[in-house]
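Engineer: Each chain, letter by letter, is given below.
Protein chains: 4
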Amino acid sequence: MTSLHFVTLVGSLRKGSYNAAIARALQGLAPAGVGVDILPSVGLLPIYDADLQAEGFPEAVTSLGAAIKAADGLIIVTPEYNYSVPGGLKNAIDWLSRLPTKPFAAKPVLIQSASMGVFGGARAQYHLRQIMVFLDGQVMNIPEVMVGQAQNKIDATTGELTDQGTRDFIAGQMKSFEAFVRKISPERH
Amino acid sequence: MTSLHFVTLVGSLRKGSYNAAIARALQGLAPAGVGVDILPSVGLLPIYDADLQAEGFPEAVTSLGAAIKAADGLIIVTPEYNYSVPGGLKNAIDWLSRLPTKPFAAKPVLIQSASMGVFGGARAQYHLRQIMVFLDGQVMNIPEVMVGQAQNKIDATTGELTDQGTRDFIAGQMKSFEAFVRKISPERH
Amino acid sequence: MTSLHFVTLVGSLRKGSYNAAIARALQGLAPAGVGVDILPSVGLLPIYDADLQAEGFPEAVTSLGAAIKAADGLIIVTPEYNYSVPGGLKNAIDWLSRLPTKPFAAKPVLIQSASMGVFGGARAQYHLRQIMVFLDGQVMNIPEVMVGQAQNKIDATTGELTDQGTRDFIAGQMKSFEAFVRKISPERH
Amino acid sequence: MTSLHFVTLVGSLRKGSYNAAIARALQGLAPAGVGVDILPSVGLLPIYDADLQAEGFPEAVTSLGAAIKAADGLIIVTPEYNYSVPGGLKNAIDWLSRLPTKPFAAKPVLIQSASMGVFGGARAQYHLRQIMVFLDGQVMNIPEVMVGQAQNKIDATTGELTDQGTRDFIAGQMKSFEAFVRKISPERH
Chain A
0 MTSLHFVTLV GSLRKGSYNA AIARALQGLA PAGVGVDILP SVGLLPIYDA
50 DLQAEGFPEA VTSLGAAIKA ADGLIIVTPE YNYSVPGGLK NAIDWLSRLP
100 TKPFAAKPVL IQSASMGVFG GARAQYHLRQ IMVFLDGQVM NIPEVMVGQA
150 QNKIDATTGE LTDQGTRDFI AGQMKSFEAF VRKISPERH
Chain B
0 MTSLHFVTLV GSLRKGSYNA AIARALQGLA PAGVGVDILP SVGLLPIYDA
50 DLQAEGFPEA VTSLGAAIKA ADGLIIVTPE YNYSVPGGLK NAIDWLSRLP
100 TKPFAAKPVL IQSASMGVFG GARAQYHLRQ IMVFLDGQVM NIPEVMVGQA
150 QNKIDATTGE LTDQGTRDFI AGQMKSFEAF VRKISPERH
Chain C
0 MTSLHFVTLV GSLRKGSYNA AIARALQGLA PAGVGVDILP SVGLLPIYDA
50 DLQAEGFPEA VTSLGAAIKA ADGLIIVTPE YNYSVPGGLK NAIDWLSRLP
100 TKPFAAKPVL IQSASMGVFG GARAQYHLRQ IMVFLDGQVM NIPEVMVGQA
150 QNKIDATTGE LTDQGTRDFI AGQMKSFEAF VRKISPERH
Chain D
0 MTSLHFVTLV GSLRKGSYNA AIARALQGLA PAGVGVDILP SVGLLPIYDA
50 DLQAEGFPEA VTSLGAAIKA ADGLIIVTPE YNYSVPGGLK NAIDWLSRLP
100 TKPFAAKPVL IQSASMGVFG GARAQYHLRQ IMVFLDGQVM NIPEVMVGQA
150 QNKIDATTGE LTDQGTRDFI AGQMKSFEAF VRKISPERH
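These protein sequence lines map, in sequence, to chains A, B, C and D.
Going by numbering that gives the first Met the number 0, the first sequence opens with residue 0, and the numbers climb by one from there.
Going by numbering that gives the first Met the number 0, the second sequence opens with residue 0, and the numbers climb by one from there.
Going by numbering that gives the first Met the number 0, the third sequence opens with residue 0, and the numbers climb by one from there.
Going by numbering that gives the first Met the number 0, the fourth sequence opens with residue 0, and the numbers climb by one from there.
Treat the hints with care, as some may be off.
Each pair may be met inside one copy or between any two copies, as identical chains are not told apart.
PhoX-like, lysine-lysine: derived pairs with alpha carbons at most 25 Å apart [to be verified]:
(1) K68 - K182
(2) K101 - K152
(3) K68 - K101
(4) K101 - K182
(5) K174 - K152
(6) K152 - K14
(7) K174 - K14
(8) K152 - K68
(9) K182 - K152
It should be emphasised that the hints constitute simulated quantities derived from the structure, not laboratory data.
On a predicted model such as this, the values are computed, not experimentally measured, just so you know.
Could you build the full structure based on these sequences and the hints that come with them?
Structural biologist: Listed below in C-alpha cells is the structure:
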C-alpha cells in the first residue's frame, strides 16, 4: 500500500487552542504510513468579498487550496462557536469554495471537535456536514470525535493531549479514516 | 405608540450585493413610525481570535454591539454561502457574542435572505436560527422572506429592489415584525 | 396573576421511558399556580395519511389538538432517535399541523429531552425547533434541558426523577417558561 | 459489470402522492442493468415502541429490513412535512435502526423529494442526511433532486411523471448514483 498524506484545518486562532492541541497530536496518533500536516491558520485570510476575488484570489487562499487539493484527506479540527461553525473557519471554506480547482470535491473529510462543555462541539459538526454536501466533500460518518471537557484532557502548560482514552479513540477514528480513504479513492490503494 | 428603531446587519461585502440592495430598501418598506439604519460592514472586523480579545475588543466590535443593543430590533439580511451562513457574518456574530453587554439577548430578530437560485438562501436561515437559540435572540417565525432569483428582482444598474411582489411581501413581513417587537418588548408599546 | 395550565407531549411509548418519568415529575417541579397535565400517548395515532384525513380526522387527533389549543403552554419531553425526533412524535405533530384550529400557532413551547448518552437528546431538539418555525410555535430559547445519562438520575424501580441537580435545573427552566408565557401571552398576565 | 438492484422507500401514504409517482418512474429512468423495486408502505408499521420490540420485531419490520439489506442501494423518495421528515418515514427508520442486521450501515443511499412549493422538500433532505450519519448510510451528495411545483410535473389523472426536464435530471442523478454505488461497494464492480 502506498503511504497517505492528510492535512489539517484548525478552526481556532488562539495559541492555547484545545483544537490546535488535538491537531498537533494527530501525527503521533496516525496509522503507520500516514503523514499529517497542519495547514496555515484560517486567520490569514481576509473576510470573503466577491469584489476582492474579482481582483484575483489572495495568495493565502490559493496556497491553502493547493495543499488541500494535493492531500489524500482533509481533517477539520474545530471548536463550536454559538452552536455552529466558527466564522473564521467558515470564511476559509467560503474562499476555498470559489477556487476553480474545487479543492473539496470528492475529497475524503474527517471532522473532529473539542470544547470545554460536555457536547464537545457536536453542533458545529452537523452544520459542517451540511456545508460539505454542496461542496461534495466525502465526510466519514462514524466514529465521530467530539472531545468534551477538553480542559481536563489537555495539559495546560505543554499543550499536549494527555488523556489516554481520548488518544486511543482518536487513533481508532484515524484508522477508520485511512480505510475510508483507501476505499473511496481506489487510486490510492 | 412610540416609534421604533431597527438596525440591519448585511451578510455580504460586495458593492453590487442583492442583500445590500434589499437592506437599502427596508426604510422605504417599513411601517410608519419605524426607522431602519444599516450597520457598518461585517468586513471591518478581524477574524475572531480569543488572544486578540484578551487585548481588548476592537472598536468596530464594541460600536456594532452598542448599536444592536440600543435598537428595538435587528434585521439580518444575508446570502447563503455553501448551504450555511457566510463566514464574515458568522464571524461578526462570534465577536458580538463575547461582549459583556450581550447584544443579542432578548433582542427581536428578523431574518431575510436573497440568492440567484430558487431557494433564496433558505438553508442559511435555519443555521442562523440555531445560532440565535444560544444567544437568546428572539427570532420571528413567519412569514419568512427568502428572495429567489434576486437578479430578476433588483435593477442591476441602480441597485434598487424593483419587483413589486417582493416589495409587498417584505413590507408585510416588516409589519408583522413591528407587532412582534411591540408584543415581546412591552416597554416599547 | 391568573393560574396557568401546561400540557405535556411525550415522545416515547415504552412504559419505563426516562422521558415519561421526567414528564411525570413536572407537576411537582412547576411554580405555584401552574398546573401540568400529561397528554395521551402519541402511539394512539395512525401513521399520517392524507387519504385518511379526507375521511375525517381521527378522534385521537382532534382531542389532542383541542387540549393543546386550550393550554397556556406546551411542553415536549422526548428522546432522540437516530439523531432526530422520534417518528411517533413527529407523526403526531404532522397530524396536529393539519387541524384547521392550528394548535401550535402562537403557542408557547418548551422542549426537554433525556437520553442515556452524554448529549441528552440535544440533536432532536434542534430538529424540533426547525419544525416549530413553520408551525409558528413560540419555543423558549434558554435554559435548555438535556438530561444526559438519564439512567443514573431516574430510579429504575419507582420511575421517579431522583437526581436533585436535575430536579432543580428543570424547576428553574419551568420558572423561566412561566415568565416567558406571561410575557408573550399578555392576556394571561 | 454486474447488474445492480435498488429499492425505494416512499415517505408518503396517500394514493395520489407525488413522491410515489416519482418512485414509480424510477425503473424507467434507471441506467441499463439497474433494477428498481418499490418497498412496502411505511404505513404498515406500528408506532415504534421498545416494549413492543421486546416481544419481537413485527414481520413488516424484518421483511423491510431484509429487502434493504439485500439491495445494492436505497432510494428514499419523500415529501417534507413541517420542515422535516414525515413522521411515518422516520418511524420506519427508527424501527429498522434497531434490527441487529443494521440495514442502513454502509448502504449507498440516494435522496429525492417533491412538493408543491418551490423548495421541493429540501428541508426534509438535510434532516434525513443527519439521521443517516448515525446509521452510517452512505448518502450521495450531489446532484440533489428536489422537485418543486410537483403538481405541474405529474399528470393528475395517470400519476405519471411527465415533465421532461425533471425526467432527464432524475435520470442523470441515477447514473451518478450507479457510479457512486460501484465505487463505494467495490464487490459490486
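Engineer: Run every hint past the structure and note whether it holds.
Structural biologist: Here's how the hints hold up against the structure:
| no. | hint | result |
| --- | --- | --- |
| 1 | K68 - K182 | both (18 Å within a copy, 20 Å between copies) |
| 2 | K101 - K152 | neither (36 Å within a copy, 30 Å between copies) |
| 3 | K68 - K101 | within (8 Å within a copy, 34 Å between copies) |
| 4 | K101 - K182 | both (21 Å within a copy, 20 Å between copies) |
| 5 | K174 - K152 | within (21 Å within a copy, 36 Å between copies) |
| 6 | K152 - K14 | within (17 Å within a copy, 39 Å between copies) |
| 7 | K174 - K14 | neither (28 Å within a copy, 41 Å between copies) |
| 8 | K152 - K68 | neither (32 Å within a copy, 37 Å between copies) |
| 9 | K182 - K152 | neither (32 Å within a copy, 39 Å between copies) |
In summary, the numbered hints that this structure violates are 2, 7, 8, 9.
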